[in-house]
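So the protein sequences, as listed, match chains A and B. Per the numbering used here: the first sequence = residues 1 to 629. Per the numbering used here: the second sequence = residues 630 to 1111.
Check the hints yourself; a few may be wrong.
What the hints assert, rightly or not - Derived pair list, reagent style DMTMM-like, types lysine to aspartate or glutamate, alpha-carbon separation capped at 25 Å:
(1) A:LYS554 to B:GLU1071
(2) A:LYS564 to A:GLU461
(3) A:LYS557 to B:GLU840
(4) A:LYS291 to B:GLU662
(5) A:LYS554 to B:ASP1062
(6) B:LYS757 to A:GLU187
(7) A:LYS557 to B:ASP837
(8) A:LYS471 to A:GLU461
(9) A:LYS216 to B:ASP1062
(10) A:LYS225 to B:ASP835
(11) A:LYS554 to B:ASP835
(12) A:LYS90 to B:GLU662
(13) B:LYS749 to B:ASP835
(14) A:LYS355 to A:GLU483
(15) A:LYS291 to B:GLU840
(16) A:LYS327 to B:GLU633
(17) B:LYS819 to A:GLU187
(18) A:LYS554 to B:GLU715
(19) A:LYS327 to B:GLU1085
(20) A:LYS514 to B:GLU1071
(21) A:LYS547 to B:GLU1071
(22) B:LYS814 to B:GLU662
Please keep in mind that the hints were generated in silico from the structure rather than gathered at the bench.
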Amino acid sequence: MEHIFMGEYDIIVIGAGHAGCEAALASSRMGNKTLMLSINLEAIAMMPCNPSIGGTGKGHLVREIDALGGEMGKNIDKSFIQVKMLNTAKGPAVHSLRAQADKNKYHLEMKKTIEAQPNLDMLQAEVVDILVENGKAYGVVTKTHTMYKAKAIILATGTFLRGKIFIGSSAYYSGPNGLAPSMELAENLSEKGMKLRRFKTGTPARCLAQSLDYSKMTPQRGDEKVIPFSFMNEEIGENKALCWLTYTNDETHRVIRENFHRSALFGGQIEGIGPRYCPSIEDKVNRFSDKERHQLFIEPEGLDTDEMYIQGMSSSLPEDVQHAFYKTIEGLENIRIVRPAYAIEYDCIDPQDLKLSLEYRTIENLFCAGQFNGSSGYEEAAAQGLMAGINASLKISGQNPFILGRNEAYIGVLIDDLVTKGTNEPYRIMTSRAEYRLILRQDNADLRLTEKSYKIGLASEERYAKFIEKKEAVEKELIRLSEKTFAPKEVNEFLENCGTSPVEGRISLADLLKRPQVTYADTRVIDDDTRPYLDYHQITQLEVQIKYEGYIEKQLKQVERQKKLEDKKLREDLEYDLIDGLRLEAIQKLNQVKPLSIGQASRISGVSPADINVLLVYLEKKRRENSKI
Amino acid sequence: MRDETIAAIATSLGEGGIGIVRISGDEALNILEKIFDYFNKDLKNKTVDKSVDKLDNLSKDSMSRKAEIQANKLIYGHIYDNFTGELIDEVMAVYMKGPHSYTAEDVVEIQCHGSIVSLKKILSLVLKNGARLAENGEFTKRAFLNGRLDLSQAEAVIDLIRAKSDRTFTVALGQLEGKLSKKIKDIRGKLVDILVNITVNIDYPDEDIEEITYDKLLKDLEAVKFSIDSLRESFQTGRILKEGLRVSIIGKPNVGKSSLMNALLKEERAIVTDIPGTTRDTIEESLSVRGIPIIITDTAGIRETDDVIEKIGIEKSKEAFNSADLIIFILDNSKTLEEADFDIIEKIQGRNALVLVNKTDLERVIDLKEIEKRLPKAEILEVAISKEVGIKELEEKIEALVYGCKVKAGEGLMVTNVRHKEILDLAGEAVADSLVMVQSGEALEFLEIDVNRAYELLGSIVGETVEGDIIDQVFARFCLGK
């Protein structure tokens, strides 16, 4: 059947989840005429699993997305119902913000933003094919045979692509949350030579709040002071809801164990690989059989719904078993399940087939993001969506790709991990994946990234001005604090009150702040009227920079060392088979990944230090041959 | 990478009379200046003097000579340990300023006596002063990367990298199949436990897992530190077992030095007479005491003399004396202590010394209390060598000294490789740093850096990378997730 040509765009985004939304917004904000397509517009920024944004590592990603001019931080600030800063007992590098979201509000607010965004069209349509000619993508075809052309395409299909839901022995093709799956597109992508594989994830049941007995559970409150995700916000209001903690018990485990054979997971029906950090309850009971109980959090799905999310209890057991084991849990005895737990399997690519710009290696102008790339999580998806949007925009205007280093952002770590090392399970960010954790903090994401984003035309004037204001305020105050000094008699009483030892000689305010017991707010009482007004973000930055100066410097030196390797560039069209001295395994890996630098090559598993030396020698040889000409 | 200064022994270890330690990189000259002194009569007389103020003078002297080290001139002098003041060897050194050198970087070559002991001592010292041990083929690699070698040699360079690294791998495997590898893996296992706990506490603060306590961290890290330190201490033992214990016998003429040597050798080798000065040359013998290889030197009696031949002998004695692991100082039970004895006592201060009071079959005249007073740390053994009294006890003492109390041959762990020792030192430091942070209650993510560093360092001995280890273990051991 003939395609009906319906229009031409600069960039087309397939999918409207967390990756798709960021990609479409970034593209249109960078001045490109953009179309975002989704099987169902109700799926815009849908949260088909847990009703929360952020957490360890993930909170860092949200701050970075925000610093770059993305939407996720602002959107959760509009729709949060409870906020908590995790890890506050530890150092500032691992403080992580997490917010419970009102899912519906999150979806609606994002939809509003997209509707109001100039240059951006959205359309409910199922994309069934991508048009490729001479190795270049140039358009998409929908189920209804309409065709749209574009200079670049971004694939962000999430769990829709050949999605298959498993509940007990039942298995059927479906997108998340009962939405239609995308079947034809998967076929056509395979035909175009894209190697697809199967990953799996799962979600627990939803139940009605009215059916739970809260007297048997422990309430979980948010922080007294609600801290916003977005650097653009200061006050975003109060917490609006409670979460609840309860535990599984022997009886729960017995019911689950007796029904292992009825689980789709153990029955062998599921071929996809699931994430280890997100195991189903049957998996937990099986693998950690000595554990007497597993905790679960009961979290509201929103303020306008009675539905609750049972965190910690995803399952692919049949519904009767689900009812039976949920009922064994304290507080859940009379549970009324309104959506059963399920496992979902979907198609995704091997991210080692991507470039660091997220462009597919063998199909030009085709960019990929989110779960389609083998990651997991809303934040990981949004981060890639944003970067794919940026890089597609840069590509079609003939500019160099925007690649963040591992020393610059968690986003850099995430994408480098995926593309360079690959992944065998849905990939989740963790702070321990970042080797420069001390400088990649959530408090300084704007200082690290906003200027870069402003330069490529994404971060707004308003955001840039705010960043400059913060940077200068902090720098100025740092100088003032180190110049303002006190005699012992002026501060010793204050120090005693703070629970720290007195001083013998003059001491600067900056040095006082180095002490863990002394906060910037505390020092107000001894400070004078030259003290400026600083907002929350500025104060946090100031304190971290003073208190952790030594560690930060040490890490910066490490970065400097590694940078030398990152600066040695490798050509993307290098044929590694032709380089003498490389081992076969290294040749295969290098040919697949096509690293952009010696630094990136050194992170590929299967490439040894000796191989790196061979590459160095090769580079020098080439350099000299070229200089002869 | 390239700005790191590297060093290695450039000659093959073994028989050669001259050995070369090569240093390449920006710090090369700096390092030489720190440890080198021109030949100088005044200094030569101070050779065994290690008092602290002398050490200060020494370094001041070196400072003032900085400008005198000219490029491309072979210079003669001594290498001193700038940390202890110990004289290490008499050397020729040359400084070649980059790019006019093999690697096109600043290069220093120190030519010393070919013995493994002095080569390794000098190398260790250079490493202590900031150089990193060169990888196999690294000088050649740098030479190429810096444009020194012809393009046609590129393939040869690659072969070198390939061949050497493969060979190193085999050698390393051979060395590591034993207990050292197992021991290091055990230590790494303990570090993994610690790292996994730190990681899970940082990345999963909400999970129902045991919170890490600083008491436990302290205990675990101390255990790791102890294990690493035991391995580090076994280095000395390991080296001795591989290369032999260098023993220097010292004493006034005719106290029984040659007799002792013969008793240990169980054959007549040195000329034994009653005439002082009979031993005119240093006599070096290799023997084995209870399985420990020993290179024993019977030194000519150290005394002032006009006899030219004897003078040479005396010089050699001093040299053997300076490089000895153990000094056996023999005294005559039947004579009073005199100036020459006190001179020796002065010289062996701070050294690993064993005092033998010989000729106990004769009437006691010597003042033992005085010796104990002057050498409070030395062990004193009473023997009658000619009557074979106390030889067994002496052998036992030597054995105990070599093994210390911590390591025993056969079941002990021997670190014999300078590279391994260097890495163990660095790992030990990293763990010590993390311990300080635990004690001062620093946040987990700060101390994790040093723990992780120790883990990576040890991994480089056994050839295992970190890649994914910790995160895999986190998920294998803890039940995490929604």
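**Request:** Kindly indicate which numbered hints from before are broken by the structure, ordering the numbers from low to high.
**Result:** Checked against the structure, the hints that fail are numbers 2, 3, 4, 6, 7, 9, 11, 12, 13, 14, 16, 17, 18, 19, 22, while the rest are satisfied.
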